[in-house]
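**Q** Using the sequences and the hints, build the whole thing.
Number of protein chains: 4
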Amino acid sequence: MSRRKIAVVITARPSYSRVKTVLSAIQKHADLELQLVVAASALLDRYGSAVNYIEKDGFAIAAKVFNVLEGENLTAAAKTTGIGILELSTVFDNLKPDIVVTVADRFETMATAIAASYMNIPLAHIQGGEVTGNIDEKVRHAITKLADYHFVASEGAKERVVKLGENPNFVFNTGCPSIDLAKEVKENSATLPFNPYEKYGGVGAKPDLSKGYLVVMQHPVTNEYQNSRKHIEVTLEAICKVNLPTLWFWPNVDAGADGTSTGIRAFREQHDLSNVHFFKNMEGKDFLQLLQHSDCLIGNSSVGIRECAYLGVPVINIGSRQNRRDRGANVMDVDYAQAPIEIAIATAIQKGKVKSSSIYGNGKAGVQIAQLLAELPLQFHKTIMY
Amino acid sequence: MSRRKIAVVITARPSYSRVKTVLSAIQKHADLELQLVVAASALLDRYGSAVNYIEKDGFAIAAKVFNVLEGENLTAAAKTTGIGILELSTVFDNLKPDIVVTVADRFETMATAIAASYMNIPLAHIQGGEVTGNIDEKVRHAITKLADYHFVASEGAKERVVKLGENPNFVFNTGCPSIDLAKEVKENSATLPFNPYEKYGGVGAKPDLSKGYLVVMQHPVTNEYQNSRKHIEVTLEAICKVNLPTLWFWPNVDAGADGTSTGIRAFREQHDLSNVHFFKNMEGKDFLQLLQHSDCLIGNSSVGIRECAYLGVPVINIGSRQNRRDRGANVMDVDYAQAPIEIAIATAIQKGKVKSSSIYGNGKAGVQIAQLLAELPLQFHKTIMY
Amino acid sequence: MSRRKIAVVITARPSYSRVKTVLSAIQKHADLELQLVVAASALLDRYGSAVNYIEKDGFAIAAKVFNVLEGENLTAAAKTTGIGILELSTVFDNLKPDIVVTVADRFETMATAIAASYMNIPLAHIQGGEVTGNIDEKVRHAITKLADYHFVASEGAKERVVKLGENPNFVFNTGCPSIDLAKEVKENSATLPFNPYEKYGGVGAKPDLSKGYLVVMQHPVTNEYQNSRKHIEVTLEAICKVNLPTLWFWPNVDAGADGTSTGIRAFREQHDLSNVHFFKNMEGKDFLQLLQHSDCLIGNSSVGIRECAYLGVPVINIGSRQNRRDRGANVMDVDYAQAPIEIAIATAIQKGKVKSSSIYGNGKAGVQIAQLLAELPLQFHKTIMY
Amino acid sequence: MSRRKIAVVITARPSYSRVKTVLSAIQKHADLELQLVVAASALLDRYGSAVNYIEKDGFAIAAKVFNVLEGENLTAAAKTTGIGILELSTVFDNLKPDIVVTVADRFETMATAIAASYMNIPLAHIQGGEVTGNIDEKVRHAITKLADYHFVASEGAKERVVKLGENPNFVFNTGCPSIDLAKEVKENSATLPFNPYEKYGGVGAKPDLSKGYLVVMQHPVTNEYQNSRKHIEVTLEAICKVNLPTLWFWPNVDAGADGTSTGIRAFREQHDLSNVHFFKNMEGKDFLQLLQHSDCLIGNSSVGIRECAYLGVPVINIGSRQNRRDRGANVMDVDYAQAPIEIAIATAIQKGKVKSSSIYGNGKAGVQIAQLLAELPLQFHKTIMY
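Chains as they are written, first to last, in the UniProt record's numbering: chain A, 1 to 386; chain B, 1 to 386; chain C, 1 to 386; chain D, 1 to 386.
Which copy? The list can't say, so a pair holds if one copy fits it or any two copies do.
DSS-like cross-link-like pairs, simulated, lysine-lysine; straight-line CA separation at most 27 angstroms:
no., residue 1, residue 2
1, K56, K5
2, K230, K280
3, K280, K206
4, K96, K230
5, K355, K211
6, K199, K230
7, K96, K64
8, K64, K5
9, K211, K280
10, K56, K96
11, K96, K5
12, K186, K199
Just so you know, these hints were derived from the structure itself, not from any lab.
All figures in this text were calculated on a predicted structure; none of them were measured in a lab.
**A** Here it is, written out as structure tokens:
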């Protein structure tokens, strides 16, 4: 019997980190053949090209698709998705996968979902059913309605996917595969095993990290994109004020990314950020190790909600981006306002690590998902359950 | 105060017929400005170009978008959607509508939904919440998850949209606007007021219609597209056998359309269809008048489920296309099999007209929808209700 | 040393026939690796899908690209080209060819030329420098200006390419590769070795071919596309009138193709064509054998100008499509007018075969081109020679 | 008689500056109606959005087209062109222009040329026939082969276009419209009438300009794009060394732009550029005034070859970008090498202004071109002249 061909489409650096253990598990599975498609911002330098890490990690790439349209507005997001559909159709037509896997809810993942479902290729969706209260939510639930199999990350997510009219027989709480990596990191990292300045370069000051440090990662929020500059400035002011060793990560490509990036760049020119170092990107595992040893994470990254819950790292979650996502005890939510951010940082440092939570999984998601991909009946025909 | 700009995107002839009264009501509304966008197969001759009727009906067209990719496979449907997004984004960027309206569930309507929702333009969806059990259902419910306002056609549909997690305050059972036209036809057509052969040409025999006649309209079913030729042949055999005056309508463009069309063409060459006339297309109103005076409608068109319920015309509904749609007492469901089709035709003729049902509306949908478009708060930010 | 990767893009059935010997020669060449890309109408059934022949002939296909936009207007031609560029860029990005080869002058070949030249991949053009006086000419000469190597089919073509400012060191009169096949046919076909009705089906009468027969192949002319129906009717009238056994071939996809196709279909319905059989398509070699044994070819196909010169088959060339192309003694040019066509047919039958001409090559083009592709310096940087 | 509709497609800031007087002349002409289409990098902020200037100058925009694909490689240039064709076809289909005008030779202008010529819309090309010896040359001459009217900028260009097989009756040496503006500036600017730091912001030092200053504008060279960083560093070193007041302009979007931009950014971080100010962009007229009062222009901009010839400003032209373009006595050509650049700067300052040359026009191009657009016969059918 020939092996099932599983096409996984990676469109951004964080998605790659998130599903790396799924890719490994597919690759190792005797009945599966991995067809890895790398597209969108995962190919672009200025957002920290994921493709380099992918190749370094030893995954063969079946096809690359450049489809990010440039522009400082939302039109570009729509067009990027349109081009993605056009090109992924050709890719699927040539690769002939048995199942296509799409990850999470970035706008351009819709291209994967539409191409596969329109071509009657069974579609698996990783990380449906979550709630955030932004444009990602439209995308995420729409993809649920296009997908045939659902590998969700929490019980709450599972319930929601079933309420959305999906057949419960095809909704699986595997936990989030990002926790697989968090588990490995948690179990094996007594100390930070690399020097981030040496390994990743970056720009800015090089504060001493031995007494603890902050990590910042703040993305623009799609439906507030005209405010992204203002929002980032609030965080910059707060960080400037607390003046602790800080490692700051640039945002992903997105409508509004330029607001955030411009904001950071302008602030740097006008202020002396003598305790802040900026990184463009970092391998997922190294980033988790960095978090594991940090005092807290600040911003609006889903890493704070997810991996940090497992790691027990305190998180200052700013603004609406992770709005309604299920969260563990490690998260403090604050508005876009300087004082509350400063207070939350002080609190986090004072309290220190919190108890590990398996709300987003127990670290075996990759293997479980691969096994399901090997066993599930191939199907692309479904109907709403009510 | 300036009028709200309402962009309605029409992508196929039947969609135009369905929402014609909405377009009129928008055009007449003092607070609204209609921006009519005509795209996809609505522009193509070989499927009965809707654009001619639109212009004849006096609607000004704000933009035309050719985006149908040619091909006898499902890849073409995906690509058509991708091109649609790419181009509709530009159209919306130039027209700057306050609300975008998308109709029903054809695959390419997803392009309208994605372009609008990604560009933060409030999206209204007409005819969500229905159940059919085919690929259209994936599209339909995915669009529900992208839309901000829902104008549904029945109570069942309304319940489903709310179950899908939508805010009940923005789900309105306006009935289907196609019933508006059916109402007008029902109230004003004592006899068939035109000669279809003269007015619409077409090919084949010209049977005498004065003693009653059958109407056939059978589309390919997307997820069974390799069977579309076999399916159409069964119907052709049955019609050939009952040998009553029959008016047959060609199918719309769709993956598999070529199977259906080829089947009809081949059958015509090999058989003497002395009682069958073929039409490429017909204005919506004329088609309803034709149905109103027919013995029954045969095939899988949604017109049978919807307008015929109101008109009280018996319908032989073949196969899975309208699978789980709510239906009135006028519908007899049969499989793709010759004998059952023949028996159902005999039954329908014997019983005659059935009682009018308002299951899909009471004939005032157009005006209601326009009024809602004028009054609803403009919003594009939503979250799932559970 | 690794073999040079040569990507040849085939976009239509006639282009495939034309360069088949080039493909074979590349495949056989020890220093070359063939990357065959099949796109546009070469993939579509309704124009006689070339892809089936390609696979039957044993060529492996590296990528397929569906990019034909449907529409009865010239916009579709432009859009097909745009989509072609978008997708071929991805294909080239993934295949990483050392040289890209584009064939002749169909509108969509421009997509190949632009994708390759913009990506700094050396571009070889087969059949530049010819003159026809239609839109093809704009395309053909524009491609010459994008190409780095020119494999032309006649001395006249070579002179023109050099006059266009190209470096004479990279302009090679290899003859047309279609003559390679004509040579083989001419040397090996004492009698027609197959029954065309049995082998190719088709529709219409099945006239006896043993006493001679006519072959018709008439394409729409791009810049006269609104006249294509009128033009085809003139030819149909003439063929109807002379009433000799006739084998008629459907036209290729093209803006206006529908005018030609519709004209043929309508004429068939209204006339008794008891001596005419219609074919959708035929393998290149079989078609040449059919021509070799025919009385004459009628229409506007370039086969009449090119292969028939070598075969010595009389040709009635109608209208402007081959306007200024160099031609042998076998060609009689006539206008779109019934009487002259009838007279020319009578003359052709009376005179019989003419002397073979090598104006378009001596039958060794394929091997020569492959050898040049293996030897030429790789370059994509050029400047006009004056 | 209705006015002729002239669609001009502007895809970049410098193209807009170049043809501004043509746009004005069309707008003022009684028999013409201007349809201005703004696309590609002309819409993007990070390259100095031309669209703002266009609107400020009072031109109404008929359509905007976002089509720049993001990417640090040449694939993006090809794809940008493909998307441009797709979208411009729709734009032309909706605007129905009588003539389309395309400007110069940037890669994406090919999209305008293909969309128009494939749709049988007469195409006018401004600035064909020039020689530069880079990828632009492929584009430029290919567009000449697609265009129906040629408005060239010099006698040398006219000769070349005619040699390319174009009908001399449709090749007009109107001079370059950029000289129209240069003429106005030359005649009316006794002193620099604005403070560039105040009016345009920018970053870096603010050297005193009253004793003279240098202007630098260096673009990446498409077919050397991997070297663009190295090349820009040589210039940076030289400017750093001569240490005179310098105004530096960022490059346009282009494959390789990131190499140049990155090079500048990195150099700034590592060196003290106390005499250099950086501008993102400047209105065309202000830029010419700045040049008019400068000591010399350094880099590879065509402004140096063209407007500076008329203004009599010395130019240090670096590298291959303007390779074979006709030039006046004001130009000194140097290689990518620090010492020669430094020497040339010294020489330029010592010699001072040179005599004005009308090699690229006498300042009346805009009015002449508008008049030709009003009078030329509408045609889209041509054949090579040999």
